[in-house]
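Visitor: Sequence order for the protein chains is A and B.
Position 77 of the first sequence, counted from 1, bears residue number 91 in this note's numbering, the numbering being contiguous throughout.
Position 70 of the second sequence, counted from 1, bears residue number 1242 in this note's numbering, the numbering being contiguous throughout.
If you are wondering where the hints come from, they were derived from the structure by calculation, not from laboratory data.
Incorrect hints may appear among the rest.
Derived CB-CB ranges, DEER-like [said to hold, decoys possible]: (1) B/Gly1268 x A/Met94: 28 to 38 Å; (2) A/Arg73 x B/Gly1268: 25 to 35 Å; (3) B/Gln1189 x A/Leu68: 27 to 37 Å; (4) B/Thr1192 x A/Gly67: 17 to 27 Å; (5) B/Gln1239 x A/Ser41: 23 to 33 Å; (6) B/Thr1282 x A/Gln93: 43 to 53 Å.
Straight-line Cα separation of at most 20 Å, EDC-like style, residue types lysine to aspartate or glutamate; simulated pairs [unchecked claim]: (7) B/Lys1181 x B/Glu1234; (8) A/Lys122 x A/Asp82; (9) A/Lys122 x A/Glu19; (10) A/Lys95 x A/Glu19; (11) A/Lys95 x B/Asp1173; (12) B/Lys1181 x A/Glu19.
Quick reminder that beta carbons are idealized off the backbone N, C-alpha and C, glycines included.
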Amino acid sequence: GQSLEQPSEVTAVEGAIVQINCTYQTSGFYGLSWYQQHDGGAPTFLSYNALDGLEETGRFSSFLSRSDSYGYLLLQELQMKDSASYFCAALLTGGGNKLTFGTGTQLKVEL
Amino acid sequence: DSGVTQTPKHLITATGQRVTLRCSPRSGDLSVYWYQQSLDQGLQFLIQYYNGEERAKGNILERFSAQQFPDLHSELNLSSLELGDSALYFCASSVGVNSPLHFGNGTRLTVT
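Build the full structure now, drawing on both the sequences and the hints.
Guide: Here it is, written out as structure tokens:
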């Protein structure tokens, strides 16, 4: 089956850097996305990696290694508003666009 | 605001009943997706439509069905409701296959 594993919870202090890891076991893997979700709110798109390497978007960066079936989201200069759940999501090929989400990581930013 | 509209925001109903959730995608988006999120759970993919046709199916129960209409809005029908169907149901839309998903604010369904 398809699975994406993430740590359930990560805590960091304001201004710090935090990395959220995602390991996946999927067939027909095309790329890896990251989404942010504040409590009960709509998930919002953060980044997408189709190729190996680092993608940078402001304070957020995302990395993908296909050979290791591994990716991570790096958040720099943490702010209190970054407290949210973060989901990695694998784009799978083969009949439509099936975006399968990981288990999610609850990030708590403390003063 | 993502541009994706979902109605209603909240729905409370009894076991055994049937409900319809509605979604209007962003202007220009042809793909619509439905996801279920139970309490403290991840997002479970239900089904995807592209320009009116079903394109991909996840672990959608037989009691659930969906369709996308010619004007591209979509409806998710849930029947013979059970307590375990209580969840947030999200609709999302995208322009193309590799494009980011834009999520609506969800419909919170409570089955009592």
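Visitor: Would you pick out the hints that fail for this structure and give their numbers low to high?
Guide: 3, 4, 6, 7, 8, 10 and 12
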